[in-house]
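Chemist: Residue strings, one per chain:
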Amino acid sequence: MKQRSPHLSRYLKMTGIFMFLALFSTVFAQEAAEAPKYADLAAFSESPGFSLFTVNNVWMMLATGLVFIMHLGFATVESGLTQSKNTVNILFKNTLIPCIGLLTYAICGFNLMYPGVDGGWFAFAGFGVSVADPVANLTDVYNPGYTYWTDFLFQGMFAATAATIVSGAVAERIKLGKFLVFSTLFVAISYPITGYWKWGNGWLNTMDTPFYDFAGSTLVHSVGGWGALAGVLLLGPRLGKFKDGKVFPILGHSMPLATIGVFLLWLGWFGFNGGSVLSADPGLTSLVLMTTCLAAAAGGVGAAFTSWIVLKKPDLSMALNGILAGLVGITAGADQMAAMSASIIGLISGILVVFSVLFFDKLKIDDPVGALSVHLVCGIFGTLAVGIWGNLAGSAQIISQLKGIVSIGIFTFIFAFVVFYVLKLFGGIRVSAEEETEGLDIGEHGAEAYPDFTTAHK
Amino acid sequence: MKLIIAIIKPFKLEEVKSGLSEIGVEGMTVTEVKGFGRQKGHTEIYRGSEYTVDFLPKVKIEIALPDELVAKAVDAIVKAAKTGKIGDGKVFVAPIDEVIRIRTEERGEAAV
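Protein chains in written order, with this note's numbering: chain P, 1 to 458; chain Y, 1 to 112.
Everything labelled a hint here was simulated from the structure, so no lab data went into it. Be aware that a few hints might be false.
As the list claims (entries may be wrong) - EDC-like, lysine to aspartate or glutamate: derived pairs with alpha carbons at most 16 angstroms apart:
| no. | chain 1 | residue 1 | chain 2 | residue 2 |
| --- | --- | --- | --- | --- |
| 1 | P | K243 | Y | E50 |
| 2 | Y | K40 | Y | D88 |
| 3 | Y | K79 | Y | E22 |
| 4 | P | K312 | Y | E44 |
| 5 | P | K312 | Y | E50 |
| 6 | Y | K2 | Y | E62 |
| 7 | P | K362 | Y | E62 |
| 8 | P | K313 | Y | E15 |
| 9 | Y | K2 | Y | E68 |
| 10 | P | K403 | P | D133 |
| 11 | P | K241 | Y | E50 |
| 12 | P | K246 | Y | E50 |
| 13 | Y | K2 | Y | E109 |
| 14 | Y | K79 | Y | E14 |
| 15 | Y | K60 | Y | E15 |
| 16 | P | K313 | Y | E109 |
Unchecked claim - FRET-style restraints, in silico, Cβ to Cβ:
| no. | chain 1 | residue 1 | chain 2 | residue 2 | range |
| --- | --- | --- | --- | --- | --- |
| 17 | P | F359 | Y | P10 | 34 to 40 angstroms |
| 18 | Y | V30 | P | Y421 | 52 to 58 angstroms |
| 19 | Y | F55 | P | G428 | 33 to 39 angstroms |
| 20 | Y | F55 | P | Y421 | 39 to 45 angstroms |
Beta carbons are placed, not taken as given, at the ideal position from N, Cα and C, and that holds for glycine.
When you get a sec, could you build the whole thing from the sequences and use the hints?
Modeler: Set out below in structure tokens:
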């Protein structure tokens, strides 16, 4: 090897060091001298990105309102499918759960679900919600689709819907106070932790083939379903529901209310799935609304005709459950499906929900509104559907879906079971037989839902 | 004075009321009741579970009358309420010991 001149080698060495330092200091210089994207909110409002951000945020806020109205839907569905002597109790639970849900989400839920830590199992960004830096939180610096507050409120509305799923399954026999304690813990702690695993970029989202749940077939619906299952197993069936091996129906008191509720829920799903696009992107939002509605329609038809064939008469409450089943089923993959696959998913969900209702009755598990069949069974199915149909279909995805379903199922069920079990140890979770017979409206609330219907007051 | 108690099919109420009005009988008390005699119930199905409904909705009419009007009133009720099918109902005639009009405190036939 030709010997290099000592000056050259020193020169090359210096150049190398110099280049390294230059590169290093460039990086440093960028971090040190990086100006905020906007000087203040006024500067943002004059920037070219302001209009699009505003449009996106408006859609997200509208979607928030639509998810909110689902609570009215839940309230009316549950009321309609249960007895009038328990209506005040049902309405009270459905009134308080969104209130508790939003408050706990502000206190700790939001920061448990989005702690800003990637790939983990548990992390917490602290109590309370606040904006220290307006530019960082209220402009497209935070996110191109929405502000910090929109993010908080939209996700907060979702949290409360998971808790409310439980209230239908445990209706007509659970003690109000115990139920409220359970719901508070469930929505404040359990829901955000499992939600973090996927939507907060926790471990389910950082796998090689990430678990996929577009709007919450697993994270919201099956979570609610697992909570409901834990509840009904520890609670037992309503008095008179199962006797001598036979199933005695306990009729809902208002089919009109139940129908109003289901259509309100369908309307709410425009925001539930439409808002999960996390922007007003026209292509994605319109696709998602299409898949959502076709699945709902197919679910309704599927359940209606299944009940007609299997049960000899077309059952309205089954058709209504079928619409919800289709909606839950499409929720995991609403942005991944074509019109045909969305309809198939909805149809199968509708057929599934009918057989599921009959199945739980056979197991002597009493579910007054079909919450387990709609949210747990179809939530699981909808999650698996992402691996079977649509853009993400494949065996790797199916395995990831199963990982998500099983891990979230185990965590949620154990959490709910332990909470209900401990509550049961301290004075029971079920009202007395007398109170159940007389109605929870009198027993828990000292009030009646329809006092005018008794002639004594005229 | 007699008390007529008639159990009839609910949709016949207006017809019975008109029939009684035609013979000069105004005033009655009506209650919604359930019952069955020889009429069979029917089977219904709710969310996959069958159940029988044996008690069928009926309407009970009670009228207090002076003795002279009873026969005509019973005929009017039977004629208006009859469909010829099982479940038409029954008419009972029972004696009354006393009748008092609350507003005026009249007693006896004047109060009927």
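Chemist: Now look at each hint and say whether the structure bears it out.
Modeler: Here is what the structure says about each hint:
For the given pair, P:K243 sits about 14 angstroms from Y:E50 by alpha-carbon distance, which is consistent with the 16 angstroms threshold. Among the hinted pairs, Y:K40 with Y:D88 is consistent with the structure: their alpha-carbon atoms are about 12 angstroms apart, no more than 16 angstroms. Our distance criterion of 16 angstroms between C-alpha atoms is met by Y:K79 and Y:E22, whose separation comes to about 13 angstroms. Under the criterion of a C-alpha separation no larger than 16 angstroms, the hint pairing P:K312 with Y:E44 is consistent with the structure, at around 11 angstroms.
At most 16 angstroms may separate the alpha-carbon atoms for a hinted pair to count; P:K312 and Y:E50 meet this at roughly 11 angstroms. With a C-alpha separation of about 10 angstroms, the suggested pairing of Y:K2 with Y:E62 holds against the 16 angstroms cut-off. Of the supplied pair hints, the one linking P:K362 and Y:E62 is violated, its CA atoms being roughly 47 angstroms apart against a limit of 16 angstroms. Of the pairs offered as hints, the one joining P:K313 and Y:E15 is violated, with about 34 angstroms between alpha carbons and a cut-off of 16 angstroms exceeded.
Note on Y:K2 and Y:E68: the hinted pairing holds, with a Cα-Cα distance of about 10 angstroms set against a maximum of 16 angstroms. For the given pair, P:K403 sits about 38 angstroms from P:D133 by alpha-carbon distance, which is inconsistent with the 16 angstroms threshold. Between the alpha carbons of P:K241 and Y:E50 the distance comes to roughly 12 angstroms, so the proposed pair stays at or under 16 angstroms and holds. Distance hint between P:K246 and Y:E50 is fulfilled; the C-alpha atoms sit about 10 angstroms from each other, no more than 16 angstroms.
This hinted pair checks out: Y:K2 and Y:E109 have alpha carbons roughly 10 angstroms apart, not beyond 16 angstroms. Among the hinted pairs, Y:K79 with Y:E14 is consistent with the structure: their alpha-carbon atoms are about 13 angstroms apart, no more than 16 angstroms. Straight-line distance between C-alpha atoms of Y:K60 and Y:E15 comes to about 14 angstroms, which keeps the hinted pair within the 16 angstroms bound. Of the pairs offered as hints, the one joining P:K313 and Y:E109 is violated, with about 56 angstroms between alpha carbons and a cut-off of 16 angstroms exceeded.
The beta-carbon spacing between P:F359 and Y:P10, approximately 39 angstroms, falls within the hinted interval of 34 to 40 angstroms. At roughly 53 angstroms, the beta-carbon separation of Y:V30 and P:Y421 lies within the given 52 to 58 angstroms, and the hint holds. A C-beta distance of roughly 35 angstroms is found between Y:F55 and P:G428, which places it inside the suggested range of 33 to 39 angstroms. Distance hint check: the CB atoms of Y:F55 and P:Y421 are about 42 angstroms apart, consistent with the given range 39 to 45 angstroms.
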